[in-house]
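Put chain B on the given structure of chain A with help from the hints.
As given, the protein sequences belong to chains A and B, one line each in that order. For the first sequence, counting from 1, position 8 maps to 8 in the working numbering; every step adds exactly one. For the second sequence, counting from 1, position 65 maps to 65 in the working numbering; every step adds exactly one.
Keep in mind that the hints were calculated from the coordinates and are not lab data. Note that beta-carbon positions come from the ideal geometry of N, C-alpha and C, so glycine has one too. Treat the hints loosely; a few may be bogus.
Below, simulated BS3-like cross-link-like pairs (lysine-lysine); rule was C-alpha separation at most 30 Å, straight line [stated by the list, open to error]:
1) Lys151(A) - Lys49(B)
2) Lys111(A) - Lys49(B)
3) Lys111(A) - Lys151(A)
Restraint ranges, calculated between C-beta atoms of paired labels, are given here [said to hold, decoys possible]:
4) Phe69(A) - Glu42(B): 28 to 36 Å
5) Ala36(B) - Gly101(A): 27 to 35 Å
6) Glu25(B) - Glu85(A): 38 to 46 Å
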Amino acid sequence: MTHPFAALARELAARSVRYLLIGVSGANLYAPAGQAVFTTEDFDLFLPPDPDNLIAAWSACEAAGLDLFSGREPLDQPRDLWLAERVVERRAQTRASGPEGLAVDLTLVMKGYDFPAVWREHRRFEIEGAEIAVARLLHIVTSKHATGRDKDRLFLATHREALEQLLRRDE
Amino acid sequence: MNPTREDGLRTLQESSELAAEIRIELTERYVRLIEAVEALPENQAGADKSGRWRGGRSYWRFFEGARRIPRAE
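Isolated chain A, as found in the complex (with noise of 0.2 Å):
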């Protein structure tokens, strides 16, 4: 069974492209072995407000053979410097979805923090060879608190009560 988003961050790091993996996606991949992870299919990248930055991660999404939205509307044509200074300026979402129900978020906002404050800190993974970059736990978690959304507020009381568990087990 294949990674779904292996071959999107493949795509990604032979472009040199800067994002974080950030959201539940995100901090599922620090939950330790034997603890439960949060069932979602979406994959939330926040990048750095870089027009030049963003036109290559829309490029690593179509080359994984991923559909670019913006809203529930295809993203527009050209893909060019132009359109992405944009939706730099706007702060605005953009969405790649693939084949099994795969879903990218493409994300220049990130509650609480700038790009520079979560790349400073994040780590690398691996994923089926493929290199990606994941932002703090710490900082996906308080991301969230700041967010404050009922989801939100659900994963949170679910996540603390699981490191709990987790810190009585090792106690």
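Below, chain B without anything else, positioned relative to chain A:
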């Protein structure tokens, strides 16, 4: 007793109300727990995380195979 659509909607509503009431503080203990997890050997740079996704994927696959069965009157 078979659950009805109204039962499902009621459960969703209860979950939504519960979520709205939850207030999770980033206490010193919670932060310490997070840092303990980050410090685990399997969470150091270069760690292979290929397997962390398969459990969740299997979960989804299980439900993807679900089919609605007409209820007998």
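Q: Against the structure, test the hints numbered earlier, and report the numbers of the ones violated in rising order.
A: Of the numbered hints, all hold.
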